[in-house]
Amino acid sequence: MPIGFQILDRALRVIRFLLPILGLLLVWELAVRTGLAQAGILPAPSTILARAVELLGLTGERAVLFGHILASLRRALVAFALAVAVGVPLGFLLGLSEEAQLWVSPILSLMLPLPAVAWTPILLVLFGPGDLTIVIVCFLGAVFPVLYSTMQGVRACGRQPVWVVRSMGGSGLDVLRRVLIPSSLPALITGFKLGMAHSWRTLVAAEMLAALTSGLGYMIFAARSYMDVSTMFVGVVCLAAIGMLIEHVLFGTLEHVTIHRWYARDAQTGGRQ
Amino acid sequence: MSNVEKILSDPVGETATLAPKPKITAEGAGIRFGSIVAVEDFTTVIREREFVSIIGPSGCGKSTLLYAIAGFLKTTSGVLKVDGKPIVKPGPDRGIVFQEFVLFPWRTVLRNITLGPEIAGLPRAEAEERARKWIRLTGLGGFENAYPATLSGGMKQRVAIARALTCEPDILLLDEPFGALDVQTKNYVMKDLQDLWIAASKTILMVTHSVQEATLMADRVLILGARPSRIVADVRIDLPHPRDPLDQRLGRYRQEVTEILSAEVDRAMKGERGQ
Ligand SMILES: Nc1ncnc2c1ncn2[C@@H]1O[C@H](COP(=O)(O)OP(=O)(O)OP(=O)(O)O)[C@@H](O)[C@H]1O
Ligand SMILES: [Mg+2]
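As given, the protein sequences belong to chains A and B, one line each in that order.
So in full-length UniProt numbering, spot 182 of the first sequence is number 182, and the numbers just go up one at a time.
So in full-length UniProt numbering, spot 184 of the second sequence is number 184, and the numbers just go up one at a time.
Honestly, the hints are just simulated from the structure, not real lab data.
Careful, some of the hints might be misleading.
[To be verified] Residues from chain B shown here face chain A by an in silico Cβ test under 10 angstroms; the list is partial:
no.	residue
1	Y67
2	A70
3	G71
4	F72
5	R94
6	E100
7	V102
8	P117
9	E118
10	P169
11	L173
12	P240
13	P242
[Stated by the list, open to error] Cβ pair distances, simulated, as ranges:
no.	chain 1	residue 1	chain 2	residue 2	range
14	B	G34	A	T253	41 to 51 angstroms
15	A	Q160	B	R249	31 to 41 angstroms
16	B	P20	A	L173	52 to 62 angstroms
17	A	P106	B	R32	26 to 36 angstroms
18	A	E247	B	D83	37 to 47 angstroms
[Unchecked claim] Some chain B residues judged to face chain A by a derived CB distance under 8 angstroms, without partners named:
no.	residue
19	P90
20	F104
21	P123
22	A125
Cβ coordinates follow ideal geometry from the N, Cα and C atoms, glycine included.
Okay, chain A solo, but in the shape it has when bound (with noise of 0.2 angstroms):
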């Protein structure tokens, strides 16, 4: 395929994802103006991004905008990297050892469905409110499914393909580098997203409960005072945006220099080899 084409194709694609959600913003204007919404609990859309332009401008009393995304962005990207640093390498020991994993699995599966957000009171004993507390409780909300998708990319892979390696002199090492990490990538690359996503959520609320000046939890929860309607659902909006953009955009475009590309016929017929 030509270049200019691809780049058409593509444009293509977001218009036609981008298309649903600009319709349901349009049928909401459309309430909130025919006055079937009521404006003080419902903003327009077109009064939310004036809030939003207003927000985000650089100077001036309200251009707090930047600062809050930029600070729970940071937050949620230091307890990632957390999760990342410590439940991938505890995913290779557990998913290569079957006693450990016995002896693993069922705290796993009591830590898995627990929300996160749960720890923040005891964390705020320990801590006090701040950026310590919020980035743990976010770090144990992306640990766990990091951990757990680690663990059984490196089960599934199986005994023969480190076989094949052990037969051509291959070391240890070689195992692990040509073997048990392309190996598990598909469910390292689910595992990140299920924790960046884990780990964006808990944000929310762990700010609204432990921040003490910025943050898009805490924007949120602060204009509850003012009962500025207008200025959460900016939040609210930036929130989705940033969780969309984070999924398809950087994870996104992950897959499809590694799994799309290795997997191109099945992705189509469905199963995997």
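With chain A fixed as given, assemble chain B with the ligands onto it according to the hints.
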């Protein structure tokens, strides 16, 4: 039956003049998993450049035996030796082709095949040089940059064979290498393998379910009995290579092997009912 008896009384072909050196020696080798005896008392000698086929009922321990020779599993009794030395671990002197191919989906055809030389520490250019020879001989030319997911079963099989051969092993271990192929592709790959064997002069040990495959390709067919398995017959196929599948003499060998095999399966079935 006379042929079989003759060979049974002389299992290692000691009377053959100028016999090549023993390559794989099995002395009462046995492998058990807990209480399950997968292989019991396996004794034979496979000589250099011999093409030996192993045939036997399902579950009689053929794959297990091959894995032990490859060095993936340990014998629990007896000894397995290669070049007179007991097998302790896998090594590049023994290449294996699994029934399920076991290609690496994240590597292209070329990168799958250069894996062995890469692990051996060869520079990339040299690794590719070596791989290209086997890509050409296995008819994979033009597919170097394809990912395994886009290949047909027959082509995956050939990649697996090329990958094993690029490591230049002395011994090639094949586990039901044609199981997943349709008849057309199978005949094609079988012909390829015979040519490769003649060109590369390797020792080949091939596990199969098919009497036709075994008799067409092998110098010797080892027939394993149902569990606990031992060698019940060692049939030498005394015909020059490459063989014509329609050869009358080949038909007689086929019949002989089939008879021994069905007698063994019958015995196994009766034994199971008797229990
Ligand atoms: N890891 C294992 N643990 C326990 N039992 C095993 C294991 N591997 C194989 N076995 C048992 O050993 C026996 C021989 O298995 P093997 O796979 O070698 O048979 P096979 O001759 O290759 O059969 P097939 O022709 O169906 O491939 C079987 O009864 C099997 O259940
Ligand atoms: Mg088998």
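Verification of the supplied hints:
At its closest, the beta carbon of Y67/B sits 8 angstroms from a beta carbon of chain A; the interface hint therefore holds under the 10 angstroms criterion. The beta carbon of A70/B comes within 6 angstroms of a beta carbon in chain A, closer than 10 angstroms, and the hint placing it at the interface holds. Here the hint on G71/B is kept, as its CB sits about 7 angstroms from the closest CB of chain A, short of 10 angstroms. A hinted interface residue such as F72/B counts as satisfied when its beta carbon comes closer than 10 angstroms to some beta carbon of chain A; here the least separation is about 5 angstroms, so the hint holds.
The beta carbon of R94/B comes within 6 angstroms of a beta carbon in chain A, closer than 10 angstroms, and the hint placing it at the interface holds. Hint status for E100/B relative to chain A: holds, with the closest Cβ pair at about 7 angstroms, below 10 angstroms. Here the hint on V102/B is kept, as its CB sits about 5 angstroms from the closest CB of chain A, short of 10 angstroms. The beta carbon of P117/B is positioned within 10 angstroms of a beta carbon in chain A (closest approach about 9 angstroms), and the interface hint is therefore held.
Annotation: interface hint on E118/B holds; nearest CB of chain A at approximately 8 angstroms, less than 10 angstroms. Residue-level restraint check for P169/B holds (minimum Cβ-Cβ distance to chain A is 8 angstroms; threshold 10 angstroms). Residue-level restraint check for L173/B holds (minimum Cβ-Cβ distance to chain A is 9 angstroms; threshold 10 angstroms). About 32 angstroms separates the beta-carbon of P240/B from the nearest beta-carbon of chain A, more than 10 angstroms, and the hint is not met.
Given hint, P242/B at the interface with chain A, is violated; its Cβ is 28 angstroms from that chain's nearest Cβ, farther than 10 angstroms. Checking the proposed 41 to 51 angstroms range against G34/B and T253/A shows it holds: the Cβ atoms sit about 48 angstroms from each other. Evaluation of the 31 to 41 angstroms hint for Q160/A and R249/B yields a pass: the beta carbon distance comes to about 38 angstroms. The hinted window of 52 to 62 angstroms between P20/B and L173/A is violated, with their beta carbons roughly 38 angstroms apart.
Between P106/A and R32/B, the C-beta spacing of about 32 angstroms keeps the proposed range 26 to 36 angstroms intact. A hinted range of 37 to 47 angstroms is violated for the C-beta pair E247/A and D83/B, which are about 56 angstroms apart. Of the supplied interface hints, the one on P90/B holds, with its beta-carbon coming within about 4 angstroms of a beta-carbon of chain A, less than 8 angstroms. At its closest, the beta carbon of F104/B sits 7 angstroms from a beta carbon of chain A; the interface hint therefore holds under the 8 angstroms criterion.
For P123/B, the suggested interface contact is broken, since its CB lies about 16 angstroms from the closest CB of chain A, more than 8 angstroms. Hint status for A125/B: violated, given a least beta-carbon distance of 19 angstroms to chain A, over 8 angstroms.
Of the numbered hints given earlier, the model fails hints 12, 13, 16, 18, 21, 22; all others are met.
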